[in-house]
Each structure stands twice: as C-alpha cells, then as structure tokens.
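Required output: the full structure, derived from the provided sequences and hints.
full-length UniProt numbering applies: residue 1 is where the sequence shown begins, and numbers increase by one.
Keep in mind that the hints were calculated from the coordinates and are not lab data.
A hint or two may mislead.
Said to hold, decoys possible - No more than 25 Å apart at the CA atoms, straight line, and that leaves these computed lysine to any residue pairs for SDA-like:
1) 227 x 202
2) 227 x 113
3) 193 x 252
4) 193 x 147
From a predicted model like this one, the values you see are computed outputs, not experimental measurements.
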Amino acid sequence: AGSVVVVASVVVAADVAKGMLRVFARSAFARKVAEALEGFDGIMSAAAVSTPRNNLSVINVSADTDDVAHLRLLSDDSRRDISDRHVDSVVSVVNPFGIWLAGGAGSGKGHVLAWLKREGYISSQFAHLDVDHNRTYLPLWHDPSYIEADGNTRKLQAVELTQPEASKLNVWMMWRCVQWTKPFVFDSTFRGKEESLRLCERAKVEATKLADHARAFAPGCAREEMKVIIIFVETELEVARERVAVREKTQGRPVQPAFVTSSHMDARDTVRMAEH
Numbered sequence: 001a002g003s004v005v006v007v008a009s010v011v012v013a014a015d016v017a018k019g020m021l022r023v024f025a026r027s028a029f030a031r032k033v034a035e036a037l038e039g040f041d042g043i044m045s046a047a048a049v050s051t052p053r054n055n056l057s058v059i060n061v062s063a064d065t066d067d068v069a070h071l072r073l074l075s076d077d078s079r080r081d082i083s084d085r086h087v088d089s090v091v092s093v094v095n096p097f098g099i100w101l102a103g104g105a106g107s108g109k110g111h112v113l114a115w116l117k118r119e120g121y122i123s124s125q126f127a128h129l130d131v132d133h134n135r136t137y138l139p140l141w142h143d144p145s146y147i148e149a150d151g152n153t154r155k156l157q158a159v160e161l162t163q164p165e166a167s168k169l170n171v172w173m174m175w176r177c178v179q180w181t182k183p184f185v186f187d188s189t190f191r192g193k194e195e196s197l198r199l200c201e202r203a204k205v206e207a208t209k210l211a212d213h214a215r216a217f218a219p220g221c222a223r224e225e226m227k228v229i230i231i232f233v234e235t236e237l238e239v240a241r242e243r244v245a246v247r248e249k250t251q252g253r254p255v256q257p258a259f260v261t262s263s264h265m266d267a268r269d270t271v272r273m274a275e276h
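Written out as structure tokens, the structure is:
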C-alpha cells in the first residue's frame with residue numbers, strides 16, 4: 001500500500017487522564033495505594049500494578065470502580081450507531097481521501113480546514129471526524145454535575161473523562177469511512193506517535209484491499225485507492241495558549257495548560273517520525 005508521508009506543513013501565525021490510568025508523582029505513594037487496595041475484589045484490575053517510569057508510578061484501576069462509566073463510556077453497538085449516523089450523509093466516492101490534521105491544541109487546525117474548503121482544495125462533501133464534537137455524543141458532557149454555574153462552560157474534569165471515548169469514536173467513524181469509501185478529515189492532535197502513524201498505515205492497507213477486491217469482482221470498476229494525506233499545522237506555543245483561553249470563554253471547552261504544551265511537542269515528534 002506504500003508508506004504514509006507528510007505532504008503539507010502549514011504554519012499558522014495569527015491527558016491527560018486516559019482511560020482508567022491514574023498517575024502519581026511519587027512511587028512510595030503509589031505503592032501505599034496499591035497495598036491499601038490489594039485484596040479487594042473489583043477494586044484493582046487483577047492485582048495492583050505500580051510501574052516506575054520517569055519517577056512516576058502508574059496504577060491501572062479497573063472500570064468496575066468507575067461510578068460514571070455509564071455516562072462517559074459507550075457499548076460497541078452505540079459506537080456503531082453513532083458512527084453510522086455521523087457519516088451517513090457523506091456520499092461514497094470512487095477516489096476517496098483520508099486527511100489527518102495534525103497539530104497541538106490551539107494550533108489553528110480549524111482555520112486551515114476552513115481555508116482548504118473555501119479555496120476549493122477539498123470538496124465540502126466529507127466526514128469531519130472531530131474528537132471535540134464527539135464529546136457531545138456522551139451523556140456526561142450534558143450532565144449538570146460537569147457544567148459550570150454559567151450553564152455553558154464544561155468543567156475540566158468533563159474534558160478529561162470524555163477524552164478516551166471521544167477519541168475511540170473518531171477511530172470507529174474512520175473505519176466506517178474506509179469501508180464505505182467516504183472521504184474524511186481526521187481532526188486530532190496526532191500526538192500518538194507510533195500509534196497515530198500505525199492507524200494511518202492500517203487505514204491505507206485496508207482501503208487498498210477493498211479497492212483490489214472491488215476491481216477483481218468488477219474488472220471495469222473505476223474505484224481508486226484511498227489517498228492518505230497528513231497536514232501539519234504549527235504555530236507558536238504562546239499563540240496557541242491564547243487561542244485556547246479565548247475558546248474556553250466563547251465555546252465553554254477548557255483545555256489543561258499542560259496538554260497544550262505536550263500536544264504541540266508530541267504532534268511535532270509524530271510528524272517527524274512520518275517524514276523519516
């Protein structure tokens with residue numbers, strides 16, 4: 001299927017809780033927590049695990065203790081239904097594309113996407129796969145307990161708790177687009193390094209298999225292989241921080257300051273890996 005390469009780099013001037021991971025800064029403290037919880041059925045997954053890494057210890061806690069799991073996690077059936085509805089209006093084409101927008105929080109990816117559409121570089125008929133929009137599909141995002149007194153701004157915890165499921169929905173939607181030859185834009189930070197690149201490569205491979213199958217079944221089929229494009233949007237960190245602050249006030253969606261920094265660094269690292 002060929003390798004995935006970065007074809008465009010855009011400079012725009014003008015989790016950190018993942019899943020059930022809990023990170024503690026002191027190994028001794030993590031050991032104490034592990035020891036205290038050991039032996040309680042349903043508290044720790046298998047056994048308390050404390051793995052030192054960069055002076056951090058990670059305890060993997062079972063979802064059995066997650067009292068808001070029903071608000072922030074979806075079943076596979078729900079993911080499938082939501083994905084189908086999200087991409088349903090997009091027309092299948094014979095020459096699909098998959099664009100990954102890469103860049104840290106506040107880098108200007110939305111501005112670049114709007115420009116690409118306005119200038120006619122991409123058709124307006126595509127599925128926009130956006131983690132932030134996916135949060136709106138989750139009950140927790142609308143739960144009054146996670147909304148500030150102004151009735152609009154989400155608490156930071158709402159962002160943290162919805163991140164894993166919203167990200168997972170993006171992947172489910174992407175596979176629907178690949179299966180049905182629908183063009184899509186995967187709007188994310190692209191900070192996952194090997195994981196992000198592996199997803200691009202897998203999408204390319206699967207799309208190629210489907211195209212080969214279609215041509216074998218119907219020799220005259222005009223279906224083309226999916227084009228995979230990565231557009232890296234980069235801006236100065238201070239500009240990104242200012243944009244994130246403005247967005248919190250106008251859209252009610254806060255972002256952890258540490259995430260703004262780390263997402264910029266990690267997105268840049270992922271793109272460098274793709275280029276080499």
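Check: Hey, residue 227 versus residue 113, does the alpha-carbon distance stay inside 25 Å?
Finding: holds (17 Å)
Margin query: Between the alpha carbons of residue 193 and residue 147, is the straight-line distance 25 Å or under?
Written below: violated (32 Å)
Next item on the list: Take the C-alpha atoms of residue 227 and residue 202, compute the straight-line distance between them, and say whether it is at most 25 Å.
Entry: holds (13 Å)
Note to self: Checking one constraint from the list: CA of residue 193 to CA of residue 252, max 25 Å. Satisfied?
What the structure shows: Not OK: residue 193 and residue 252 at ~29 Å, beyond 25 Å, violated.
The structure shown violates the earlier hints numbered 3, 4.
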